[in-house]
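> Based on the sequences and whatever the hints tell you, model everything.
There are 4 protein chains.
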Amino acid sequence: MNAEAVLQRLSATIESRKGAEPDSSYVSSLFRAGHDTILKKLAEESAETLLAAKDGDKLHLVKEVADLWFHSLVLLAHHGLGPGDVLAELARREGVSGHDEKRARIAP
Amino acid sequence: MNAEAVLQRLSATIESRKGAEPDSSYVSSLFRAGHDTILKKLAEESAETLLAAKDGDKLHLVKEVADLWFHSLVLLAHHGLGPGDVLAELARREGVSGHDEKRARIAP
Amino acid sequence: MNAEAVLQRLSATIESRKGAEPDSSYVSSLFRAGHDTILKKLAEESAETLLAAKDGDKLHLVKEVADLWFHSLVLLAHHGLGPGDVLAELARREGVSGHDEKRARIAP
Amino acid sequence: MNAEAVLQRLSATIESRKGAEPDSSYVSSLFRAGHDTILKKLAEESAETLLAAKDGDKLHLVKEVADLWFHSLVLLAHHGLGPGDVLAELARREGVSGHDEKRARIAP
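Residue numbers (our numbering), protein chains in the order written: chain Y, 20 to 127; chain F, 20 to 127; chain E, 20 to 127; chain S, 20 to 127.
Quick caveat, the hints were computed from the structure, so don't treat them as lab data. Possibly wrong hints are sitting among the right ones.
[As the list claims (entries may be wrong)] Listed next, the in silico DSSO-like pairs over lysine-lysine satisfying Cα-Cα at most 30 Å (straight line):
1. Y:LYS73 / S:LYS73
2. F:LYS77 / S:LYS60
3. S:LYS59 / E:LYS73
Dropping the structure here:
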């Protein structure tokens, strides 16, 4: 299963839920509930990732990181952005290595 | 730029830093500092994502989500996992739609 | 209204809910749901505090910080601790000033 | 040690650092760094509280909750608020019990 295909399809699905009825899908209910609700979900998934990691439960950890990425994609979509923007940023940093990576990330 | 290529290369770079000297790279210093340090960084990036989103600063938001995904990959690597595990989980959920998505995600 | 009285009474109420039926109170339902649920609530309240602060909504901010402290007290109670333990720690640091505060806090 | 006295003194100390030179104290450096820095610290302390709680390390947990409350006070001070505002809110909820507490907290 190719990452490009998965992220593209997921992103398209999320986009298609933007105008949809809240009842019709979880994602459309998130969009309807608004920006703060999306951000709270992201924060929740981040906390759940910590808890799963502390438990050392790999299967649970994978599910929580998937939730974290999924809600990141919903947040990006809310702002008119997509996974391609994040991957381009990650690729841009790829040339850089060692502690330079960190400086590159910290730089405004 | 293909997502598969970016994530594979990033993941390989992170793996290669596992045994490296902490001075030689930011990622190796994270691995050396240990699991809790990686988790704190993830929590920080999640908070910074919230702040950037509330500011409505798209460029900043992309950088923070990139940081969030990056540190997720470091956490996964610490547990012997990689982006493929998360993408397989996201793909698995793809067939499912609407509020079923949510139930699928919540299910143990 | 005296802080000592408020925290003592709140702490006593929380303690009294430990063995109670989950249906009878929100706090007893938290204790029944367990440690991870309490921690998720704490993380949620922390995120909601950030959002209220970014909105510059003082009334909302006070409510969210109250929620954060409240769920901290529930967490402390789960571990057999109370507000007195936290206040003693804060008092202990009081003699210390300037950047020494920070070092005192960071010290293991 | 009386909670009222500890919180009053702590709050007064924090207030006194508002105009001070950043070099002179950790709190004045936080005020100088600004609102987002204070919020990031709060988020960090929340995450560290989770980690200490998962480790079941009571002494560490007390220190992290103290850090969380301390940075809450700095945040409140930034907004011209103090511990009295939070305690008044907690006292206000005290009459209410059971699941009503939760509804009271959730109410706008």
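> Of the numbered hints stated earlier in the document, which are not met by this structure?
No numbers; nothing is violated.
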